[in-house]
Amino acid sequence: MTVLAEDDLQIVLPAGVVGRKFDDETSHGLSHCMKAVDFIVELEDRVLFIEFKDPENPNALQKDSAAFIKKFLGGQLDTDLKTKYRDSWLYEWAEGRAKKPIYYLVLIGSSALSDADLLARTDSLNRQIPVVGPGGGSWKKPFVAGCAVMNLATWNKTLPHIPASRVGL
Amino acid sequence: MSKITHIKLDNFTSFAALDEAFSPGVNVIIGANGTGKTHLLKALYAACAVTVGEDKEKSYALKLRNVFSPYEGRMGRLARRQSTSVKAKVAVTRAGGAKLSAEFSNHTNKPEDVKVTGEPAWKKSELASAYIPVKEMLAHAPGFLATAAKREIAFEEVYTDIIKRAFLPRLMGPTDKNRQRLLTALQKAIDGKVVAKGEHFFLKNQQGDLEFTLLAEGMRKLALVWLLIQNGTLLSGSILFWDEPEANLNPALMGEVVEVILELQRLGVQVFLTTHNYVLLKEFDLRKQKDDAIRYLSLFRDESGAVTSNASDSYLGVDPNAIASTFSDLYDREIKRGLGVIKV
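Top to bottom, those sequences are chains F and A.
For this note's numbering, add 717 to where a residue sits in the first sequence, where the first one is 1.
For this note's numbering, add 1419 to where a residue sits in the second sequence, where the first one is 1.
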């Protein structure tokens, strides 16, 4: 059983599932020029690129948390999320590891976001990555299979075998 | 002038027993189709309308009939439909305690046979109001009032009422600072001012006069609000009823509409609006300031099929929230489509 944690958020991988911290300066080695998602988890039929954002981190100030939510809802974090995915994909591809369909999961540690907000951000991320190719058609070689922006509740409903929780609880 | 504080509906249209207090500021009514949102607005509006101008001659019962326009004008058709005889009652209370009520049964035909109580005291002070229906009417104003007066068209009276209010002349005297700020904000949104020539309305800007029939329907609604503010229909102490402000409006304009509504409330206008729109609801939630008074009223059907309600003074407390639930369902399906089944 592997626990992947970033500050106060964590996911627990079931036995036999391999996952690693990707956004790690030492092991990544190219942090000066490439952005990175927090974790990469390999499942039997797919790979998950996982990014945590935690505005409700107990160490975060309330005003910082509110500022994050405002930026997030306004789409100002989309570029950061998109770049993290693309750079991570490029890194894995260049290392000869991008063999399975890759899904991008963004976990937001916030109870203040409604499903409508999460839907709007998921839509936006789909457009920004982008999931579809030129003219709205499929890519000949898709570089992302799907993406989702989730809070803890949605994550645990969607991935009950890889539970997410707060470290401090 | 005062505010409406309370309504009690017994066996009226789809309501079995509704008993709700209102905010003196903005009252946002949500609920699925067929839960009586518009009925609630109309019952309240009729009570306000009979306190002002030519409608003062009408009884509350007659005004109710005219704004609801039941088949063959039969009052009994406004009673909740049941297999047995049923007594219906509408009671509206305003600040200061004055109460107006109308009682009838499903067998009552004429408005004269409705038992109206509290009317003389109720009519002693005016409750100026405007009811903006879902359908935009200004573009259809030419000839409409004359045709309606001859009873040649079957339109509910809210439509003729709003045209009459739009035709009222500009309020005399200087425009105070707050009202001018509102007018300027609306002028920016509609890109001009509204002028009337005879029974025709035009949007006047640098390009000239544009007839209303050529104007986007959403814009006509905002132009109507501009007229109502300019001619003093919407002043401190008056009441605005707005059925689905979002109708035909691009979501990008929703923020400005909500800002206008909040600003009217800050000027002392009591507002009742219905909505199906998430953006509108969320704009209220995001733009609300500390002293703004907003109450959300959620209408829904209970197990027996009767409409009942829950009120909340915060957006997150709205329950059930038919609009947010729809988004939750869409979100669930989007996640399923985007990620498929994840096997470990």
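Among the hints, erroneous ones may be present.
In the EDC-like style, the derived pairs of lysine to aspartate or glutamate whose C-alpha atoms are separated by at most 20 angstroms in a straight line are [claimed, not checked]:
hint, chain 1, residue 1, chain 2, residue 2
1, F, LYS874, A, GLU1575
2, A, LYS1583, A, GLU1630
3, A, LYS1477, A, GLU1531
4, F, LYS788, A, ASP1704
5, F, LYS752, F, GLU742
6, A, LYS1707, A, GLU1678
7, A, LYS1701, A, ASP1721
8, F, LYS787, A, GLU1678
9, F, LYS780, A, ASP1704
10, F, LYS738, F, ASP797
11, F, LYS874, F, ASP771
12, F, LYS874, A, ASP1748
13, A, LYS1762, F, GLU742
14, A, LYS1709, A, GLU1675
15, F, LYS817, F, ASP762
16, F, LYS874, A, ASP1751
17, A, LYS1762, F, GLU761
18, A, LYS1518, A, ASP1438
19, F, LYS799, A, GLU1545
20, A, LYS1755, F, ASP840
21, A, LYS1707, F, ASP834
22, A, LYS1755, F, ASP762
23, F, LYS752, F, ASP741
24, A, LYS1583, A, GLU1618
25, A, LYS1477, A, GLU1491
26, A, LYS1508, A, GLU1538
27, A, LYS1607, A, GLU1636
28, F, LYS787, A, GLU1675
29, A, LYS1569, A, GLU1522
30, A, LYS1762, F, GLU759
31, A, LYS1755, F, ASP834
32, A, LYS1701, F, ASP840
33, A, LYS1755, F, GLU761
34, A, LYS1583, A, GLU1476
35, F, LYS770, F, GLU812
36, A, LYS1475, A, GLU1618
37, F, LYS816, F, ASP771
38, A, LYS1701, F, ASP762
39, F, LYS787, A, ASP1704
Derived from the structure by calculation, the hints contain no laboratory data.
The structure displayed is predicted, hence computed values, not measured ones.
Cross-check of the supplied hints:
| no. | hint | verdict |
| --- | --- | --- |
| 1 | LYS874/F to GLU1575/A | 49 angstroms, violated |
| 2 | LYS1583/A to GLU1630/A | 19 angstroms, holds |
| 3 | LYS1477/A to GLU1531/A | 10 angstroms, holds |
| 4 | LYS788/F to ASP1704/A | 17 angstroms, holds |
| 5 | LYS752/F to GLU742/F | 10 angstroms, holds |
| 6 | LYS1707/A to GLU1678/A | 9 angstroms, holds |
| 7 | LYS1701/A to ASP1721/A | 26 angstroms, violated |
| 8 | LYS787/F to GLU1678/A | 19 angstroms, holds |
| 9 | LYS780/F to ASP1704/A | 18 angstroms, holds |
| 10 | LYS738/F to ASP797/F | 18 angstroms, holds |
| 11 | LYS874/F to ASP771/F | 19 angstroms, holds |
| 12 | LYS874/F to ASP1748/A | 14 angstroms, holds |
| 13 | LYS1762/A to GLU742/F | 31 angstroms, violated |
| 14 | LYS1709/A to GLU1675/A | 19 angstroms, holds |
| 15 | LYS817/F to ASP762/F | 7 angstroms, holds |
| 16 | LYS874/F to ASP1751/A | 10 angstroms, holds |
| 17 | LYS1762/A to GLU761/F | 8 angstroms, holds |
| 18 | LYS1518/A to ASP1438/A | 14 angstroms, holds |
| 19 | LYS799/F to GLU1545/A | 59 angstroms, violated |
| 20 | LYS1755/A to ASP840/F | 13 angstroms, holds |
| 21 | LYS1707/A to ASP834/F | 18 angstroms, holds |
| 22 | LYS1755/A to ASP762/F | 16 angstroms, holds |
| 23 | LYS752/F to ASP741/F | 10 angstroms, holds |
| 24 | LYS1583/A to GLU1618/A | 10 angstroms, holds |
| 25 | LYS1477/A to GLU1491/A | 19 angstroms, holds |
| 26 | LYS1508/A to GLU1538/A | 15 angstroms, holds |
| 27 | LYS1607/A to GLU1636/A | 17 angstroms, holds |
| 28 | LYS787/F to GLU1675/A | 19 angstroms, holds |
| 29 | LYS1569/A to GLU1522/A | 29 angstroms, violated |
| 30 | LYS1762/A to GLU759/F | 11 angstroms, holds |
| 31 | LYS1755/A to ASP834/F | 17 angstroms, holds |
| 32 | LYS1701/A to ASP840/F | 18 angstroms, holds |
| 33 | LYS1755/A to GLU761/F | 19 angstroms, holds |
| 34 | LYS1583/A to GLU1476/A | 16 angstroms, holds |
| 35 | LYS770/F to GLU812/F | 26 angstroms, violated |
| 36 | LYS1475/A to GLU1618/A | 25 angstroms, violated |
| 37 | LYS816/F to ASP771/F | 30 angstroms, violated |
| 38 | LYS1701/A to ASP762/F | 39 angstroms, violated |
| 39 | LYS787/F to ASP1704/A | 13 angstroms, holds |
Checked against the numbered hints given earlier, this structure breaks hints 1, 7, 13, 19, 29, 35, 36, 37 and 38; the rest are met.
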